[in-house]
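Just so you know, the sequences run in chain order L and W.
Using the working numbering, the letters of the first sequence map in sequence onto residues 244 to 390.
Using the working numbering, the letters of the second sequence map in sequence onto residues 244 to 390.
Since the hints were derived computationally from the structure, they do not count as laboratory data.
Hints should not be assumed to be uniformly reliable.
As the list makes no split between identical chains, a pair holds if one copy fits it or if it spans any two.
Lysine-lysine pairs mimicking DSBU-like chemistry, simulated, CA-CA at most 35 Å apart [unchecked claim]:
| no. | residue 1 | residue 2 |
| --- | --- | --- |
| 1 | Lys375 | Lys360 |
| 2 | Lys325 | Lys375 |
| 3 | Lys360 | Lys325 |
There are 2 protein chains.
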Amino acid sequence: MTPSEITDRLQSELPLTRAMGMSVVSWDGAVVTLVAPLQPNLNHADTAFGGSISCMGILAGYALVYLLFQERGISTRVVIQKSTTDYLRPIDTEITSTASLPNPAAIEEFLEMLKQKRRARLTLNSQVLSGKTLAATHTGIYVALLY
Amino acid sequence: MTPSEITDRLQSELPLTRAMGMSVVSWDGAVVTLVAPLQPNLNHADTAFGGSISCMGILAGYALVYLLFQERGISTRVVIQKSTTDYLRPIDTEITSTASLPNPAAIEEFLEMLKQKRRARLTLNSQVLSGKTLAATHTGIYVALLY
């Protein structure tokens with residue numbers, strides 16, 4: 244899928260991402276990167292709202308799991324079980340969020356568990372940046388359920 | 244402040260809360276309750292997007308800290324340092340989020356620390372409900388900085 248196709252899919256599944264102005268800027272088969280402009284995500288201090296930062300962290304991980312299954316033609320429902328965001332510094336420019344697939348062994352274990360139990364859990368970390376500077380880290384536990 | 248005044252304040256500080264349709268429905272001096280309709284916060288499974296649920300948890304705690312200072316006439320900047328959401332079950336109706344002030348001793352300790360160090364940290368829990376059913380718990384660490 245191209246970044247623009249992934250953007251369309253996320254925006255159609257999750258209308259709030261349109262209000263946030265979120266779009267996917269790159270996907271190379273291992274790393275996905277999303278951006279959102281500051282304006283719709285502002286807080287009272289003219290930096291990014293903590294809720295928007297958490298959303299961007301959640302979305303990078305969700306996009307990865309979505310792409311992992313999409314590229315393998317596996318139909319699942321993916322939900323988030325736990326989301327943790329550590330805010331390190333304010334974001335005063337475009338919000339960038341990026342996440343990388345885990346190593347192949349961890350992916351195989353996840354897919355094998357899904358096949359056996361029809362349900363499997365994957366922990367994914369994402370980094371949220373202010374421009375090029377790390378501003379928050381997000382850890383999401385995502386659960387996939389086989390249809 | 245009335246619920247409608249708090250709603251206006253949050254919506255003007257945080258434009259994303261308008262897109263979410265968030266409003267404050269009650270504040271009795273100890274407990275604040277916020278709601279948001281499902282529609283703008285939907286996910287791919289026609290239940291609430293995990294990011295919206297985290298936002299509602301963050302906002303209930305943030306509203307409490309805001310009100311705590313507002314009622315005492317203390318000017319601070321409040322930022323979130325850490326946000327953790329545990330998603331327990333899907334939300335398929337209006338999203339309700341509620342948070343309660345901690346006990347008076349904990350509040351006094353927080354305000355005393357703020358006076359001494361010009362910076363203090365408060366942990367607040369919020370509950371996010373699907374109608375009347377508990378659907379997620381949120382823990383936020385909020386930092387207040389005295390102007």
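Hints, one by one, checked against the model:
1. Taking identical chains as interchangeable, the C-alpha atoms of Lys375 and Lys360 lie at most 35 Å apart only when they sit on different chains, with a minimum of 32 Å there against 40 Å within one chain.
2. Proximity of Lys325 and Lys375 under a CA criterion of 35 Å is satisfied in both settings, with 26 Å inside one chain copy and 21 Å between copies.
3. For a Cα distance limit of 35 Å, the shortest separation of Lys360 from Lys325 qualifies both inside one copy, at 20 Å, and across copies, at 33 Å.
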